[in-house]
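**Q** One letter stands for each residue in the lines below.
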Amino acid sequence: MVDDQGAVADVGRGDRRAFESLYHRYADRVYRFAFTLLRNRHLAEEVVQETFIAVWKGAKGFEGRSQVSSWLFGIARNQAHALLRREARGERARELPAPLPDPEEAFARDQLASRVWEALGRLSEAHREVVFLAYYEGMSYQDIAQMLSLPEGTVKSRMHHARRALAEVLT
Amino acid sequence: MRQDCTETRELLTWYASGGLAPSEQGTVLAHLGACEACRLELAEALRVARAVRSTVRQIPGPPRRALAHVLANTEGVPIAEIEMGSSLAGVSLGMSAGERGLPIRGRLRLLGREVEIFRVSRSLSAAV
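Taken in order, these protein sequences are the chains called A and B.
Position 69 (the first sequence) corresponds to 68 in numbering that gives the first Met the number 0; numbering is contiguous.
Position 70 (the second sequence) corresponds to 69 in numbering that gives the first Met the number 0; numbering is contiguous.
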């Protein structure tokens, strides 16, 4: 199987199969990231769509200086913020998409997950993204700092604060 | 709390999630060997890491229509889409028109996963 860097290079040359393969590799992760940040399934779906459209258009310019995952999550984060800005300005038409299973329903059957999800909701979006990238994606604090354009110390202190808050619901 | 405890505790998240460079892992490990309070913090960091991973893993992926939307917006405007089967298994045939041509693709769907079984790309110039 072609690695991520090779897949993005192929996408940059207009390879549709590579593009779909990249989608299948990352769509779930991008959706989970967006849903953790925005806590809204329809917005999260839009983030996935806009992210991959941006990947198709921008793959040619990917120079491989960062990991593909960092590049993709960086795009997803920008798309999430752009969506929120459009929402705040009232520019985004409210759509009524077909019903979807609510991801939060899954948590209702799992008490621990439900408590963790609630605790994540009490954190700021800035803290939630660090938690996701560190714990779920396993990214180093250096990579997170680079992706978010933050000092490494800020990433570490956000994570420390978030961990304390999350630990409280586990005791 | 000692200065090296403060520094270690800031790194415990990444120690727990495997995101530390080997040299930093060694420093944290050496400190943990001598500090019971930080070992307790590590146990907490591991509990939080497990709980967050297990919670996030329960978020399903995007619905199938998200891929259809992406393909339509990168490949061109869908001209025709024929679907047969059920939500569990089926096949679909789609044709689009975009700047790169008139691709026709066939897809097989099985238990929530989709694979492309064929694709025919025809350039616009050849179609005219």
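Derived from the structure by calculation, the hints contain no laboratory data.
Since we're looking at a predicted model, the values are computed, not measured.
C-beta atoms are modelled at their ideal positions from N, C-alpha and C, and glycine is treated no differently.
Treat each hint with caution, since some may be false.
Partial chain B-side listing against chain A, Cβ under 10 Å, derived [stated by the list, open to error]:
1) A33
2) P59
3) M94
Here chain B is said to cover these stretches of chain A; the calculated rule only asks that three of the stretch's residues, wherever they fall, bring their Cβ under 8 Å from a Cβ of chain B [stated by the list, open to error]:
4) 58-67
5) 109-115
To give a feel for the contact side, a few chain A residues facing chain B, derived at Cβ under 7 Å [claimed, not checked]:
6) Y30
7) R31
8) Y135
9) M138
10) Y140
11) L147
12) R162
13) A166
**Q** State for each hint whether it applies.
**A** Here's how the hints hold up against the structure:
| no. | hint | verdict |
| --- | --- | --- |
| 1 | A33 | violated (21 Å) |
| 2 | P59 | holds (6 Å) |
| 3 | M94 | violated (14 Å) |
| 4 | 58-67 | violated (count 0) |
| 5 | 109-115 | holds (count 4) |
| 6 | Y30 | holds (4 Å) |
| 7 | R31 | holds (5 Å) |
| 8 | Y135 | holds (5 Å) |
| 9 | M138 | holds (6 Å) |
| 10 | Y140 | holds (6 Å) |
| 11 | L147 | violated (15 Å) |
| 12 | R162 | holds (5 Å) |
| 13 | A166 | holds (5 Å) |
Checked against the numbered hints listed earlier, the structure breaks hints 1, 3, 4 and 11; every other hint is satisfied.
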